[in-house]
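Peer 1: Each chain is listed here by its residues.
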Amino acid sequence: MAYTLRELAEVAGAVLRGEGHIEIDSVAPLNRAGARQIAYCATPRYRELVGASGAGALILHHSDADVFSGNALLCDDPRAAFARVAGLLHAPRPIAAGCHPSAIVHDSATVSPDANIGPQAIVEAGAVIGPGAVIGPGAVVGERTVIGAASRLEARAIVMHDCVIGERCVIAAGAVIGGEGFGYARERDGRWLKVPQLGRVVIGNDVDVGANTTIDRGALGDTVIGDGVKLDNLIQIAHNVKVGENTAMAACVGVAGSAVIGKRCLVGGGTGIMGHITVGDDVEVTAMSFLKGSVEGPGRYSSSLPAVDADVWARNLGRFRHLDELARRLRRIEQTIKQILSGGKH
Amino acid sequence: MAYTLRELAEVAGAVLRGEGHIEIDSVAPLNRAGARQIAYCATPRYRELVGASGAGALILHHSDADVFSGNALLCDDPRAAFARVAGLLHAPRPIAAGCHPSAIVHDSATVSPDANIGPQAIVEAGAVIGPGAVIGPGAVVGERTVIGAASRLEARAIVMHDCVIGERCVIAAGAVIGGEGFGYARERDGRWLKVPQLGRVVIGNDVDVGANTTIDRGALGDTVIGDGVKLDNLIQIAHNVKVGENTAMAACVGVAGSAVIGKRCLVGGGTGIMGHITVGDDVEVTAMSFLKGSVEGPGRYSSSLPAVDADVWARNLGRFRHLDELARRLRRIEQTIKQILSGGKH
Amino acid sequence: MAYTLRELAEVAGAVLRGEGHIEIDSVAPLNRAGARQIAYCATPRYRELVGASGAGALILHHSDADVFSGNALLCDDPRAAFARVAGLLHAPRPIAAGCHPSAIVHDSATVSPDANIGPQAIVEAGAVIGPGAVIGPGAVVGERTVIGAASRLEARAIVMHDCVIGERCVIAAGAVIGGEGFGYARERDGRWLKVPQLGRVVIGNDVDVGANTTIDRGALGDTVIGDGVKLDNLIQIAHNVKVGENTAMAACVGVAGSAVIGKRCLVGGGTGIMGHITVGDDVEVTAMSFLKGSVEGPGRYSSSLPAVDADVWARNLGRFRHLDELARRLRRIEQTIKQILSGGKH
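Chains R, S and C supply the protein sequences, listed in that same order.
Taking numbering that gives the first Met the number 0, the leading residue of the first sequence gets 0, the next gets one more, and so forth.
Taking numbering that gives the first Met the number 0, the leading residue of the second sequence gets 0, the next gets one more, and so forth.
Taking numbering that gives the first Met the number 0, the leading residue of the third sequence gets 0, the next gets one more, and so forth.
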């Protein structure tokens with residue numbers, strides 16, 4: 000499916016420069032795009048590729064307009080404009096409604112006639128699958144769980160019983176939503192007594208959950224993921240966590256139980272967030288950090304420790320282990336100098 | 000199913016205060032519980048909610064007895080008492096014995112008539128499924144693997160060939176038990192030669208394994224998980240690791256090959272444990288730490304680094320990178336001062 | 000299947016000492032091996048077990064020849080020799096070609112008659128399965144994806160659409176190859192606009208991907224994993240990452256988008272690698288580190304922080320938080336001392 004450059008300019012909200020009538024049928028990288036393709040440049044990192052691009056048109060920031068002499072869509076945010084254009088040119092295929100004969104759908108489940116239930120998918124008793132929803136190959140929808148309109152479970156994704164997934168969500172392959180929270184009481188002899196996990200996972204609209212990510216159900220109340228939240232792969236969200244609207248977390252983040260995270264937060268990859276803390280709106284945490292206490296927003300927090308040459312690291316680490324002693328020695332020196340300067344007896 | 004408060008007091012091992020005859024049918028949070036519900040308070044954090052609770056009864060620590068004037072179960076450990084009460088009121092449904100027609104059970108497998116084999120579950124040749132065991136939707140039991148009585152594999156959990164799972168275990172959705180360990184010999188040119196992984200995973204009784212957690216089989220000997228161990232989600236246990244009884248690990252922990260971990264240890268989320276080390280009994284490691292060497296127990300170990308304001312962090316980190324130089328300068332100062340004080344020539 | 004010790008010496012490229020005609024049928028650990036078994040010792044850690052071993056033969060380093068008086072294969076690299084011997088004695092069963100009746104194979108897929116398609120496996124439209132390939136129980140091969148000769152997808156492994164897996168690869172249970180990359184443009188109000196992920200994952204020959212590991216497809220170009228790469232469990236490889244030949248990563252590593260990693264690198268467990276950086280050939284990064292910037296190879300890099308007694312840790316950490324202030328105080332002392340020594344006014 001091709002669109003004219005003029006149509007794309009409109010979708011992108013960009014200023015058209017050049018031939019509005021040319022047809023574009025796909026997107027491509029700057030250095031590989033051909034005459035019927037459009038590419039973009041959003042960072043100075045790739046600006047050197049712009050001039051030589053063979054693309055039919057480029058999406059550029061206004062300030063880069065002069066770097067390229069061909070057809071262009073000029074705008075303030077080339078990446079957002081590209082997302083819109085690419086979303087149009089590479090729109091997902093329309094859903095083929097229906098239920099694969101190998102799927103197991105319980106009689107008491109309610110499946111919209113517009114939904115697609117893939118091969119070997121399982122829809123358990125009382126589940127509700129909304130219009131336009133896709134339950135991918137081998138995906139599992141537990142008892143009484145609700146999957147909202149136009150949401151998609153990819154291959155082998157699992158949403159356990161009594162959970163709620165909003166509209167237009169993507170639950171990626173292998174993700175597990177609604178597992179039992181990690182809740183135990185400890186007996187005197189060290190044995191663990193399971194605390195039943197009776198809450199749900201409630202996910203808003205337009206939420207993406209990455210591959211093999213896990214979100215546990217609440218112990219008593221619910222685990223709640225707000226509208227527009229984006230979670231990357233291999234993330235752990237523990238029981239009773241709340242994640243505010245449009246917060247995004249990169250891969251391998253772990254959020255411990257009952258943490259409350261604000262709206263529009265950005266959490267870097269590999270970061271850990273302590274349980275029972277509160278994180279304000281618009282908080283950014285850098286990659287590989289450990290957010291241990293509550294913080295207000297907006298703000299940027301870090302404990303990420305960049306790697307250096309291993310020998311240099313070992314030397315500094317050796318000193319770190321005696322930092323307290325080092326600080327005490329410094330204090331003593333200061334006192335001695337004070338005595339020297341005051342001419343006092345030492 | 001409802002119980003009288005007196006019955007619940009007995010199960011909880013708590014002192015009954017108030018009307019023993021009232022009926023309780025479920026648990027609820029302090030601030031949402033109604034007349035037929037029971038709630039609990041185990042931490043000062045929630046004590047302010049106690050007085051206003053509309054619960055039919057509360058489970059409280061003896062020292063909180065005066066905060067609430069209604070029916071109460073008084074005890075030393077409200078969380079453990081609550082676990083017992085909730086376990087009774089919200090007991091899992093009895094297993095419906097039988098095998099779903101879509102399950103694939105090999106002729107040579109031995110499945111107890113009391114077991115439940117879910118839709119699209121796979122039980123391979125020579126596997127043994129004990130009485131009361133549940134093999135969830137799409138779960139896979141490999142060749143010759145034994146699943147003990149009353150153990151449960153949740154949806155899509157996988158236990159590969161020749162492994163042993165004890166009794167009353169829960170292997171959560173997406174977990175992979177018995178994958179091949181990461182064992183290679185390196186050739187001169189950098190290529191890797193696979194070392195066959197011939198051991199098993201042997202899991203004791205009452206073990207919980209979290210969603211998408213992975214436990215690799217041993218290379219020659221076995222990987223062994225002791226009775227009562229609780230593993231949260233997205234944990235990696237490498238080949239030949241031993242985990243002692245009743246040890247608990249929070250999510251996202253990684254344990255490298257051949258580590259031997261004691262009994263009743265507590266491992267915080269995101270922590271890494273080095274291979275080939277020995278960790279004593281009753282060792283606690285705080286979240287996001289790296290246990291690199293052997294440690295004796297009991298003890299508490301940490302290298303967790305809490306995030307602070309990113310600018311403050313950057314300044315201190317800049318100094319850290321020159322910590323060795325800083326320590327040398329301090330040493331020089333001390334020597335100079337010594338000379339000054341001795342009146343010597345400098 | 001048994002082999003004579005002479006045959007094993009030849010396979011191992013080792014010097015035979017003792018009775019070449021004895022038959023060996025399996026491998027075993029040093030302390031449990033019997034007369035028809037062979038064991039090995041590659042590290043001083045286990046040398047004390049060598050003398051007392053009941054093994055029919057041992058694989059030893061030349062320098063350990065005197066520690067054991069029995070039959071031996073002597074060589075420079077006992078671990079590599081063992082890998083070869085064990086690979087022969089414990090060779091995988093030959094593939095039973097064919098397609099399980101419960102598998103769902105699309106009419107337009109091309110499946111080699113020599114391939115094995117397991118129970119409930121799914122092979123989607125246009126996919127190509129090479130000779131000798133194994134698609135394990137419940138594994139999913141997406142549309143137009145190519146699985147090379149003799150490659151194996153274990154239980155429930157998923158390779159999404161339009162990906163390429165080379166020859167002799169192992170994609171372990173629960174792994175997800177080809178999920179959508181985490182790519183969004185941010186709108187002014189904080190909402191996220193999805194950037195379509197149009198690239199592929201292209202995996203070379205002899206690559207191992209661990210259980211529940213995730214590798215995302217490229218945004219425009221491809222995510223590329225070179226020949227001979229070994230990835231452990233629960234690793235995240237983001238979109239457009241390139242991993243060079245024979246690089247190995249231990250479990251729980253996260254590699255952010257567009258990172259380019261060289262050949263023969265060794266990445267320790269739990270380490271994070273920043274996006275858009277370049278890592279040279281033969282770089283080693285220690286466990287639990289954070290490689291934030293580009294580095295050249297060869298080299299060894301670290302920011303791993305070993306745990307110590309929690310009280311000691313807390314004291315040093317408290318000082319770390321004032322490291323910048325501490326460094327400033329040190330500077331002032333140096334200036335003061337300079338003034339003292341110069342006899343100047345202070």
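No lab work stands behind these hints: they were computed from the structure.
A couple of the hints might just be wrong.
Note: identical chains are not told apart, hence a pair may lie in one copy or across any two.
SDA-like, lysine to any residue: derived pairs with alpha carbons at most 20 Å apart [unchecked claim]: (1) Lys262 / Ser68; (2) Lys262 / Arg31; (3) Lys337 / Ser293; (4) Lys337 / His160; (5) Lys291 / Gly317; (6) Lys337 / Ala326; (7) Lys337 / Arg327; (8) Lys262 / Asn204.
Peer 1: Does each hint fit the structure? Answer for all of them.
Peer 2: Right, here's what the structure says about each hint:
no.: 1; hint: Lys262 / Ser68; in the structure: neither (41 Å within a copy, 39 Å between copies)
no.: 2; hint: Lys262 / Arg31; in the structure: neither (38 Å within a copy, 25 Å between copies)
no.: 3; hint: Lys337 / Ser293; in the structure: neither (40 Å within a copy, 45 Å between copies)
no.: 4; hint: Lys337 / His160; in the structure: neither (70 Å within a copy, 73 Å between copies)
no.: 5; hint: Lys291 / Gly317; in the structure: between (25 Å within a copy, 15 Å between copies)
no.: 6; hint: Lys337 / Ala326; in the structure: both (17 Å within a copy, 18 Å between copies)
no.: 7; hint: Lys337 / Arg327; in the structure: both (15 Å within a copy, 17 Å between copies)
no.: 8; hint: Lys262 / Asn204; in the structure: within (14 Å within a copy, 42 Å between copies)
Hint compliance for this structure: hints 1, 2, 3 and 4 are broken, all remaining hints hold.
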